[in-house]
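Please construct the entire structure, taking both the sequences and the accompanying hints into account.
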Amino acid sequence: MFGSKNETGAQLYDRFLLRSALSMLMLAVVYTLDASRSFAADDAASIMKRAEGILAILLMINLLPVMAKLMWFKVKRKPGCNDPDGFVASTFKEAAVRGFSTGFIAMLVALELSKGPLADWPATVFLNIVLALMLGVLSVSFLLANRETEPDEDFGDDLDKETGA
Amino acid sequence: MSSGLDNRIRVFRAEHRMSQGELADAIGVSRKTISTIEVGRFVPSTVIALKLAKFFGAPVEEIFSLTNTK
Chain A
1 MFGSKNETGA QLYDRFLLRS ALSMLMLAVV YTLDASRSFA ADDAASIMKR AEGILAILLM
61 INLLPVMAKL MWFKVKRKPG CNDPDGFVAS TFKEAAVRGF STGFIAMLVA LELSKGPLAD
121 WPATVFLNIV LALMLGVLSV SFLLANRETE PDEDFGDDLD KETGA
Chain B
1 MSSGLDNRIR VFRAEHRMSQ GELADAIGVS RKTISTIEVG RFVPSTVIAL KLAKFFGAPV
61 EEIFSLTNTK
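First to last, the protein sequences are chains A and B. Each step along the first sequence adds one to the number in this note's numbering, with nothing skipped, and position 86 is 86. Each step along the second sequence adds one to the number in this note's numbering, with nothing skipped, and position 16 is 16.
Certain hints may be false.
To be verified - When the alpha-carbon atoms are kept at most 25 Å apart in a straight line, the in silico DMTMM-like pairs for lysine to aspartate or glutamate are as follows:
| # | chain 1 | residue 1 | chain 2 | residue 2 |
| --- | --- | --- | --- | --- |
| 1 | B | LYS51 | A | ASP85 |
| 2 | A | LYS49 | A | GLU94 |
| 3 | B | LYS51 | A | GLU94 |
| 4 | A | LYS78 | B | GLU22 |
| 5 | A | LYS74 | B | GLU22 |
| 6 | B | LYS54 | B | GLU22 |
| 7 | A | LYS74 | A | ASP85 |
| 8 | B | LYS51 | A | GLU7 |
| 9 | B | LYS54 | A | ASP120 |
| 10 | B | LYS54 | B | GLU15 |
| 11 | A | LYS69 | B | GLU22 |
| 12 | B | LYS54 | A | GLU7 |
| 13 | A | LYS76 | B | GLU15 |
| 14 | B | LYS51 | B | GLU62 |
| 15 | A | LYS49 | A | GLU112 |
| 16 | A | LYS49 | A | ASP34 |
| 17 | A | LYS93 | B | GLU15 |
| 18 | A | LYS93 | B | ASP6 |
Keep in mind that the hints were calculated from the coordinates and are not lab data.
Rendered as structure tokens:
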């Protein structure tokens, strides 16, 4: 999670994507709180607003240092820091497709609801819900796909047998 | 009938006495990419397959092969 001094470009890029997903999850919570605030009592709404502010600061703390380091790596042209072929980048793309699909469907549902039973709801509530769903699905599906971390597998006895050594 | 991708990266790695992390650094990817390719969880891009072949000095088809599954 906190990169090492000898971090390679590819490792940094993976860490950047992981941090991006965490930030998106935080942003999804911010949008959910924002949508809920429209229906909450004044006291609760003010607590929610404060929570949104704290989450926004945490989001910056979570993402900006890694982003700055990645930009520095790119300026120095370190190999692997723009690795679109790796496993983590690939799962991020898949998660982005899921997030977009969810957002599109949620938008269609919101459009129908805004014409019918929920016509009196403000448009910002629908937008906040759609954005929260989109970012939530993207981040959760990405984090689930990357939750398993196998230890670094060294060459061992089983391989000696396999290679006939 | 669908095809899966089998690979012999572990064998080549053992022959070169390398860990996953060392191989990952050598071809400019992350260790997770190598470990997920090895266990067949991730199908690598042509670029990664060619980088592996170049690094091991072997043809791609010696490292990767199709496995037919019903």
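* **Pair hint LYS74/A and ASP85/A, alpha-carbon separation not exceeding 25 Å** => 17 Å, holds
* Compare the distance between the alpha carbons of LYS69/A and GLU22/B with 25 Å, and conclude whether the hinted pair is satisfied. => 22 Å, holds
* Asked: Does the alpha-carbon distance linking LYS49/A and GLU94/A stay inside the 25 Å limit?
  -> The hint is violated at about 32 Å.
* Asked: For the pair supplied as a hint, LYS76/A and GLU15/B, is the alpha-carbon distance within the 25 Å limit?
  -> At roughly 34 Å apart (the allowed maximum being 25 Å), GLU15/B and LYS76/A break the hint.
* Are LYS54/B and ASP120/A close enough, with their CA atoms no more than 25 Å apart? -> 63 Å, violated
* Could you grab the alpha-carbon distance between LYS49/A and GLU112/A and see if it respects the 25 Å cut-off? => The hint is violated at about 29 Å.
* To do: For the pair supplied as a hint, LYS93/A and ASP6/B, confirm whether the alpha-carbon distance does not exceed 25 Å.
  => 24 Å, holds
* Asked: If you draw a straight line from the CA of LYS51/B to the CA of GLU62/B, is it 25 Å or shorter?
  -> 13 Å, holds
* Is the Cα-Cα distance between LYS51/B and GLU7/A 25 Å or less? -> The hint holds at about 20 Å.
* Asked: Between LYS78/A and GLU22/B, is the straight-line Cα distance small enough, at 25 Å or below?
  -> Within the cut-off at roughly 17 Å; holds.
* Asked: Would the pair LYS54/B and GLU22/B pass a check requiring their Cα atoms to be no farther apart than 25 Å?
  -> Judged against 25 Å, a Cα distance of about 15 Å means the pair holds.
* With a cut-off of 25 Å on the C-alpha distance, tell me whether LYS74/A and GLU22/B pass. => 22 Å, holds
The structure fails to meet hints 2, 9, 13, 15 and 17 from the earlier list, while all remaining hints are met.
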